Amino acid sequence: MEYEAIIGLEVHVQLLTRSKMFCGCDANYQDAPPNTHVCPVCLGLPGALPVINRRAVEYTIMTGLALNCQIAQVTKWDRKNYHYPDLPKDYQISQYDLPLTANGYLTIDVDGRPKRIGIRRVHLEEDTGRLYHVDGRALVDYNRSGVPLIEIVSEPDIRSPEEARLYLQKLRTIVRYLGVSSGDMEAGALRVDANVSVRPVGQETFGTQVEVKNMNSFRSVKLALEYEIERQIGVLKAGGTVVRETRGWVESEGRTVSQRSKEEAHDYRYFPEPDLPPLEIAPAWVEALRKALPELPDEKAVRYRREYGLSSYDAGLIVADRHVAEWYEQAVALGAQARPAVPPKTLANWLTGEIFRLMHERDQDIESLNLSPAALVELLGLVADGTINNNVAKSVLRDVIESGTPPAQIVEERGLRQISDEAQLAHIVARVLDQHPDEVQAYLNGREQVAKWLMGQVMRATRGKANPKVVMSLLTQQLEARRSSQE
Amino acid sequence: MDDLCRLTLHEAKVLLERGECSAVELTEACLARIEQVEGRVRAFLTVTPDEALEQARAADEARARGSSAPLLGLPVAVKDVISTRDVRTTCGSRMLEHYVPPYDATAVVRLREAGAVLLGKTNTDEFAMGSSTENSAFFATRNPWDVERVPGGSSGGSAAAVAADECLAALGTDTGGSVRQPASLCGVVGLKPTYGRISRYGLIAYASSLDQIGTLTKDVADAALLLELLAGRDPRDATSADVEVPTYTAALTGDVRGVRLGVIREWLEHPGLDPGVAAAVQGALETLTALGAEVRDVTLPHSEYALPVYYLIAPAEASSNLARYDGVAYGFRASGAGDIWELFARTRGAGFGAEVKRRIMLGTYALSAGYYDQYYKKAQKVRTLIKADFDRAFEAVDVVVGPTSPVPAFRLGERVDDPLQMYLADIFTISVNLAGLPGISVPCGFADGLPVGLQLIGRPWDEATLLRVAHAYEQATPWHARKPDLS
Ligand SMILES: [Zn+2]
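Top to bottom, those sequences are chains U and Z. Residue numbering for the first sequence follows my numbering, beginning at 85 and increasing consecutively. Residue numbering for the second sequence follows my numbering, beginning at 6 and increasing consecutively.
With the rest of the complex left out, here is chain Z:
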């Protein structure tokens, strides 16, 4: 039964429904896989085997009583920036190393209500700030395709755990590409829905106007299944939208005839684009054309400003969001402080890592009196222009297509000392967050033996079309079925 952990959610769901396996067996298979590979992959910050098996037993009992909750007994993992009641939630930071939330994030509530089994919490760059998961205060996660390489980030733990079959699926968060980029680097499917689609309640904020919970799955059907459960208005999140949630699984028709795809010229001709990635994306466009989609060029003239705009807005919001970690009410508290101001300074000095401090300082500067107009406000204006570029593109096409990451997985340590190089890893994903659009990364081939992801970007709230195109492409290609060799 070792193979059970290799299943997708929808495959395992069928086996459970047919009584061909139990939730306990599925969970045990995942726990065994974690035991087997975690020493090399290091995807989890916290594994909760006892709780997971308890939930699995409860799921089996519920099924025996006739329950058919949509994720009943399916083992999943959750990125460690999403609050889980009674399970520590560290954000990959010393600051919250021992912090145990007294409440569940809405997304976790929905997973639990759907009957899912929570295996544990996955590694992340500290407070989701990073593109390689090397900024975790605890350890770096490895790419299952090559453990000397990064899994991407910041949801690198979730992407690696899914790629290594340590769980069936996982939640991640995406502020500038943090679901899609690691999905691309680990060869899995990463979906970031429209901003406001999934409640952020309980998602520990990095940059509130950009953060969005997303999913890391083994195929597109699983992404549709999860989104269907997670999406929808939450009265606890004022920015969650009251927009109807379609039955995404029903949208996966396999038919993309007549769908208009817009290729972003600026991205395909970008000097930083790896030739292997370019070739894989080119191949994907040909496949989609063969499936009946119409491919044409679109232009996003302001997308070159996405990176600087992001690195003003996100740090500005972060500088405020992370101000609360001061050692007063919860989390790490430095010892030996003489007064409250020294307590704040020492706690924050010792509790945060270098990248977090860098962004807090950047953001504090951008919001300062005398600089606000020229940095933060200006960035917001350019953000509007970036969004307008997409609006114009969507007048002519239904889905915008490009690479997810400019390069395949890079080596551990390769960029960690060069923040600007690291920031370039998100160059194609960031503008999607700035525009609040849905985006998905699906495996589209390999470059030098490393996975490459194709990024599809949709109209606001039109995840259905996005999933339909991604699914049709996936079903026509072998890439998603390939597994890394971790034997």
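Looking at chain U on its own, in the form it has when it is part of the complex:
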């Protein structure tokens, strides 16, 4: 029997507000000593009361809009009650039945075809503190306590670990475009829980759902889902039944292990937060936020195809990172002004080819790469006007990144100016042919691909500076001349 997986993801995203969700404490705690970004409110001291951070509400609405969600006209907060030492009030202020935004979708590209993944809801809540175990003692750091967090709950529309990866990647791109979160999974700014079930292909009803937690990277999400799907199929194939439970991914062992069963599940006893009045969301507020939304990756990719003639693939590569897209658009603008102009397509080819390769090789992103859009346009201008050829340009690019020197200066200093002078090149070509009579003979005997090898010899003799077009035409000319003289 064939099985298919049904996956829904719950993603928690930390918002990049200046202050915390319900108090004035600095929300940027990453490098702070423990318990220094705290106050009576986020420590849950008796008598302290929460006050809503308006910016966090706006970030949530923006995320909802970007995910095609409906924005609530009235929203409220609820208490989620449970005891845990990292939770100072022993309840979390969250949203239960009136989330800020709901009923949207996100589109992923599955094998070249768009697929919509439903978004059930996006709601706003507060983060907990962090627990550390040191020398057999448990220590709590409340710096993270009260940092605004949005929970993005998908519909169970995801059918494979690969789709889950695409969904998460897209989601991260969107929150980064919006500037509402770093989306950095390793730093805990984006956390993923998955609800996984399997069913025989063709069956309408869902199988028993298992919640998978503790996945700390995109890679571990993929591995954990693959493992869990296999595990459940294995259980069913062996005639067993899948138990409804929560399982944790153990990275070191490459498997999920049971954490608690449904019977032990929490009753969170949600009830409306009496310390916070319900919040009315004025339509004008939502419209103002909608107008201020940046161009999102999907729209950008469409525009790149339409305006710049890029392939879907290249456009997708560029828009996947907001900073790369911004970099590219600056280059396009400069390229249009340059004389001769450097076309968007050429810039895209260099960006997704040579520059991505260098970024990968050097483990750097576009911002840290030390390459300005202007430098690339200048470099490609030198190619366009024949000053250097493409291969020299690649070497100059590497030099620009390493030294920060402008391309034209490098070309001058290293004497890389292309040799296009026919008389000069004709001498070199003749000398190369004289030095390799056997190869010339082979060519004349019909092995025409030897011309390429001879071309390489000419390029070597000029240290790569020869204009390849001129060399090719001279080579053909002189070889043909030798053929005539033989006959």
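Incorrect hints may appear among the rest.
Said to hold, decoys possible - In silico DSS-like pairs for lysine-lysine, Cα to Cα no more than 30 Å straight-line: (1) K386(Z) / K164(U); (2) K18(Z) / K488(Z); (3) K164(U) / K382(Z); (4) K160(U) / K382(Z); (5) K164(U) / K383(Z); (6) K392(Z) / K164(U); (7) K306(U) / K321(U); (8) K164(U) / K362(Z); (9) K392(Z) / K160(U).
None of these hints come from the bench; they were simulated from the model. Keep in mind it's a predicted model, so treat the numbers as computed, not measured.
Starting from the known structure of chain U, fit chain Z with the ligand onto it as the hints suggest.
For chain Z with the ligand alone, coordinates are given in the frame of chain U:
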């Protein structure tokens, strides 16, 4: 100068302004009175004589420099559920026996800014849960009129301290009658403003949607003076209202001609109403009629459900509000626990008293999955009906009138083992909290030598009318001037 402690705030203010006494003398008089009677009354959990005298000296110096802050040099007491920076705030509980808040409640900030001298913290039923102050984990406070009787509760310490002239005035809190009922039993004035009138920031929560800080004073003018200072929007409390605060002291015109008073038939005919209390209230209505007020009957058909509604909503909120006392970050921590869950259980088992545990369990049950709709949600619906009763009554009258407590002060121990009997002590005050209305209790006579209070209930935000009627009545009667004999 022994008599200085017998003064009201406004009387002492005049003496200070005229230079006829100093803040130090006033404070010393109160401290001497505390010394003299506290062995019998036991109103204070913490007295801070050194700090008080320090503040008094500072007040005298400030006055010498020309300051005329409204409470400059006036000694007051604060119920021990209101946070005071650097002064321990116990909530009458073992759980917080040694807890010293690092911040002041907004109400305390306003007292300090107005120049008041803080004498100490007054006794309370544990976490304000009770009607006799016998639920204090430390000791019971006695009624100054008869030390074998209770002062009422939960602000029994504040009411007794004011009645016994241990301070000029005190702050209390009122969740179901906890300011008005002890005021009634101790023969002082107890004002509970509209929900949202005084910031709750720093008030250690019992039931957040019902809690409200109130005042215990020797007369109505003092209540007006304090409310004027304490009322108003606080950016730290999202439920505090942005409603204009009138000059309450200017509202005390003594003129009640044409004011329409509504007598609650259900309350006056209640089988639990003590005949002496009924007679005193009847007498008060006659006095008010003689002063020119129009008295008519109103009906509150749903008020009979107030008690059960309260005992679902308040414990539900309490079960969540008190969850934070888990021994992790502050407060009592049980020793010998093996793991965190045992630590929670042992800490809460040993740190809370019986009534607190009873209400936490009631509230946890009311919020539990499967019971939420039938208890908590239903209670909220009936709460709306109770409020609607008042709305209807206020279409026909300006102020609703009735007894504050069905009985005068009962004997210590008389009801402490019978929670349901104890709950009946608040039967006439609870619906006012459920409806979020302002209420005041003023002395209206005696029954068997024990004080009786008249309860006046006003429209939301209309404390001014309430104070005007209470003041006119008070000025026409001798009751507020009577003092218990503690010599
Ligand atoms: Zn804080």
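Decide if the proposed pair is consistent with the structure: K18(Z) and K488(Z), CA atoms, cutoff 30 Å inclusive.
Holds, because 21 Å separates the two Cα atoms, which is no more than 30 Å.
With the threshold set at 30 Å, check whether the alpha-carbon distance from K164(U) to K382(Z) stays at or below it.
It holds: about 16 Å lies between the C-alpha atoms, which stays within 30 Å.
Please verify whether K164(U) and K362(Z) have alpha carbons no more than 30 Å apart.
holds, 20 Å
Check the hint pairing K386(Z) with K164(U) against an upper bound of 30 Å on the C-alpha distance.
Holds, at roughly 22 Å.
Does the alpha-carbon distance linking K392(Z) and K164(U) stay inside the 30 Å limit?
Holds: K392(Z) and K164(U) sit about 28 Å apart, inside 30 Å.
Does the alpha-carbon distance linking K306(U) and K321(U) stay inside the 30 Å limit?
Roughly 22 Å between the alpha carbons, so the hint for K306(U) and K321(U) holds.
Keeping to a limit of 30 Å between CA atoms, is the pair of K164(U) and K383(Z) held or broken?
Holds, at about 20 Å.
Please verify whether K160(U) and K382(Z) have alpha carbons no more than 30 Å apart.
Distance of about 16 Å is within 30 Å: holds.
K392(Z) and K160(U) were given as a pair; does the straight-line alpha-carbon distance stay at or below 30 Å?
Holds, at roughly 22 Å.
Violated hints: none; the structure is consistent with every hint.
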